[in-house]
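Novice: Here's the letter readout for the chains.
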Amino acid sequence: MPTRVLMEGSHAIAEAAIQAGCRFYAGYPITPSTEILEYMSHRLPQVGGVCMNAESEIEAINMVWGAAGCGVRAMIASTGQGISLMQESLAELANAQLPCVVVNMMRGQGDYYQATRGGGHGDYRHIVLAPSTVQEAVDLVMLAFHLADKWRNPVDVLGDFILGHTSEAVEFKPLDERDLPPKTWAATGARNRASHNVTPLGAPQKLNLNPGDHYAAIAAKYPEIARAERRVESGLLDDAELVVVAFGSPARFVKYAIRVCRERGMKVGWVRPISLWPFPDETVREATGRARLVAVFEQNAGQMIDDVRLAILGGVPVVPIGGISHDHSGFGVGPALEPAHIVARITEAYQGKAAA
Amino acid sequence: MSTPLKKVSAKPELLLSTQHHLCPGCGEPLAMRTILEIITELGMRDRTICVCGIGCYTAFPGIIDVDVLQALHGRAPSVATGAKRVLPDRFVFTLQGDGDMVSEGLQEIVHSAARAEKFTAVLLNNGVFGETGGHMTTTSVLGQRTKTTMDTGRVAEKHGYPIKIADLLAQVDGAVYVARGAMHTPSAIAWTRRILTEAFRAQLEGKGFSFVEILTMCPTDWYVEPSETPDWIEQNFTGTYPLKILKAPA
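Residue numbers (the working numbering), protein chains in the order written: chain C, 1 to 356; chain R, 1 to 250.
These are calculated hints, taken from the structure and not from any lab test. It cannot be assumed that every hint is accurate.
[Unchecked claim] The list that follows gives simulated cross-link-like pairs (lysine to any residue, SDA-like), each with its CA atoms no further than 25 Å apart:
#1 R/LYS244 x R/GLU37
#2 R/LYS244 x R/GLU234
#3 C/LYS183 x R/ASP89
#4 R/LYS244 x R/ASP167
#5 C/LYS183 x R/ILE63
#6 R/LYS11 x C/GLN205
#7 C/LYS206 x R/ARG90
#8 C/LYS173 x C/ARG152
#9 C/LYS206 x R/ASP46
#10 R/LYS11 x R/ILE189
#11 R/LYS11 x C/LEU209
#12 C/LYS221 x C/ARG178
#13 C/LYS183 x R/LEU14
#14 R/LYS7 x R/GLU41
#15 C/LYS206 x R/LEU14
#16 R/LYS207 x C/ASN53
#17 C/LYS206 x R/ASP65
#18 C/LYS206 x R/GLN19
#19 C/LYS206 x R/HIS73
#20 C/LYS183 x R/ARG90
#21 C/LYS206 x R/CYS23
#22 C/LYS206 x R/HIS20
#23 C/LYS206 x R/MET44
#24 R/LYS207 x C/GLU55
#25 C/LYS183 x C/GLU224
#26 R/LYS207 x C/PRO45
#27 R/LYS11 x C/ARG191
#28 R/LYS11 x C/ASN208
#29 R/LYS207 x C/GLY48
#30 C/LYS267 x C/VAL316
#31 C/LYS183 x R/MET44
#32 C/LYS206 x R/THR18
#33 R/LYS247 x R/GLU37
#34 C/LYS206 x R/GLU131
#35 C/LYS206 x R/LEU22
#36 C/LYS206 x R/SER17
#37 C/LYS206 x R/ARG47
#38 C/LYS206 x R/PRO12
#39 C/LYS206 x R/GLY43
Input sequences plus hints: build the corresponding full structure.
Specialist: Here it is as structure tokens:
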């Protein structure tokens, strides 16, 4: 019988990382991600791991760089502001092909662009996974470590204040990871083998300085990831005249609001992208096959709506029905998440009264 | 009858190629060579991880026969922290220039020393951003002409004072071994070989953070002939940066 335990989202994310084999964590306190650092400082040493209460975000991400470069599963968590400080490293970690997991517990959903476009330089991409429940956060953290190793690329888990501070019963189900190759590329001391480099600047082989080939090989990886790793959930699309697209915690509120709208006779359905990069554009496009309108609910000034429009390519009109919404703390738990408010916005859109 | 020749110098075992694109007369290859020779002497090739910063010396990771973790500018101490913490039985040393360590990454080196991280940090100090073409760093000495202090040299009123990073780190409790050497004369190289060996041993014995600053020649950005660089160091550098052991385990 599966064992389910009641855990707060932040702690569940940390525990999922440990059960996925994470043995190094570095973090700098910042709300609403701090509870992950607290949990790690207590739990990681129990399993022989290392938790660093780093002196800055930049130092934290580069400690993760060092641990990941030695072949150890490593994670960092912060919120958008802290992630901003790490951007140079987040860009170059991809060029160094270092697997690691980056958790962003956002304040609201204002970091969609930051996560999917990246604030750093160059041609890099991170895989971005956006859970909407604590159980899904557990599952996606475990998947994130797997995908990071599989593709040798950082994977971001994009949560928020609500996810981090909601307690739910969860089950930890480690993945079968026997298909992953050993990390023969890691810097471990060249025992019984040729020495090599772990570097964002060029080839790992010695006496081989051709950064152009190296960057081209990494860039060639991204279309492959895009084909293989799209994840999405949807519902009530068969007869939907209006499709609402939402991600993360707010998508839970949207699903509830859509049930209410259905009870009131409106033909509405929903799509929830789980991977934000790669964006599930085919599913979004197909979902709008019968719809006359697509509405995007996101707790920001309008960011994911760009990807929805790119997916649909003008097939049907796309309108924003979300917006910036905070309580006085500024951490992104605002009145726009009231189900009655979301129902009203969906109804407005359904009746053709929403502004494009 | 001829006397057999005694071999007094050769390419270090851990150097894969003598081809590098640093300038003639540069001090950094001499420092790299010295480090590699000590690694061989101590039998540590198979357990060494070099964490390299960004500067002229970033030419070395491709030609040295040890594993290298390439760090971003200023970040080598944090990367080395992650590496040494997960692989505590490996020998981990960082290689940074003055621009990398003392300008861009000052807080990282100080925090790493304060945490008593058990790696060895090596500073190659020539008082200029060599790779970008010779601009002032935090360690440029007063009076030093650089691309950005060309008219007046470094003037305290305008440009502030050089940071004596070894002196600063010697004040940090977590640092157990702090010393300064140079590459400009045979005796300075012999001295530096000694202090590097002591610093490496401090790490191998798990004593704490160890640090060696090495003054390296940069004829290109000091605007002197290579043959004049030993005098340049004596006249301009060793007053501010005397060669000595600033701190050693009791």
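Novice: Each hint: holds or not?
Specialist: A quick look at each hint next to the structure:
no.	hint	verdict
1	R/LYS244 x R/GLU37	21 Å, holds
2	R/LYS244 x R/GLU234	14 Å, holds
3	C/LYS183 x R/ASP89	19 Å, holds
4	R/LYS244 x R/ASP167	11 Å, holds
5	C/LYS183 x R/ILE63	23 Å, holds
6	R/LYS11 x C/GLN205	21 Å, holds
7	C/LYS206 x R/ARG90	20 Å, holds
8	C/LYS173 x C/ARG152	23 Å, holds
9	C/LYS206 x R/ASP46	16 Å, holds
10	R/LYS11 x R/ILE189	16 Å, holds
11	R/LYS11 x C/LEU209	21 Å, holds
12	C/LYS221 x C/ARG178	22 Å, holds
13	C/LYS183 x R/LEU14	24 Å, holds
14	R/LYS7 x R/GLU41	17 Å, holds
15	C/LYS206 x R/LEU14	12 Å, holds
16	R/LYS207 x C/ASN53	22 Å, holds
17	C/LYS206 x R/ASP65	8 Å, holds
18	C/LYS206 x R/GLN19	12 Å, holds
19	C/LYS206 x R/HIS73	21 Å, holds
20	C/LYS183 x R/ARG90	17 Å, holds
21	C/LYS206 x R/CYS23	21 Å, holds
22	C/LYS206 x R/HIS20	13 Å, holds
23	C/LYS206 x R/MET44	19 Å, holds
24	R/LYS207 x C/GLU55	22 Å, holds
25	C/LYS183 x C/GLU224	20 Å, holds
26	R/LYS207 x C/PRO45	22 Å, holds
27	R/LYS11 x C/ARG191	22 Å, holds
28	R/LYS11 x C/ASN208	20 Å, holds
29	R/LYS207 x C/GLY48	21 Å, holds
30	C/LYS267 x C/VAL316	16 Å, holds
31	C/LYS183 x R/MET44	22 Å, holds
32	C/LYS206 x R/THR18	13 Å, holds
33	R/LYS247 x R/GLU37	24 Å, holds
34	C/LYS206 x R/GLU131	21 Å, holds
35	C/LYS206 x R/LEU22	17 Å, holds
36	C/LYS206 x R/SER17	10 Å, holds
37	C/LYS206 x R/ARG47	17 Å, holds
38	C/LYS206 x R/PRO12	16 Å, holds
39	C/LYS206 x R/GLY43	21 Å, holds
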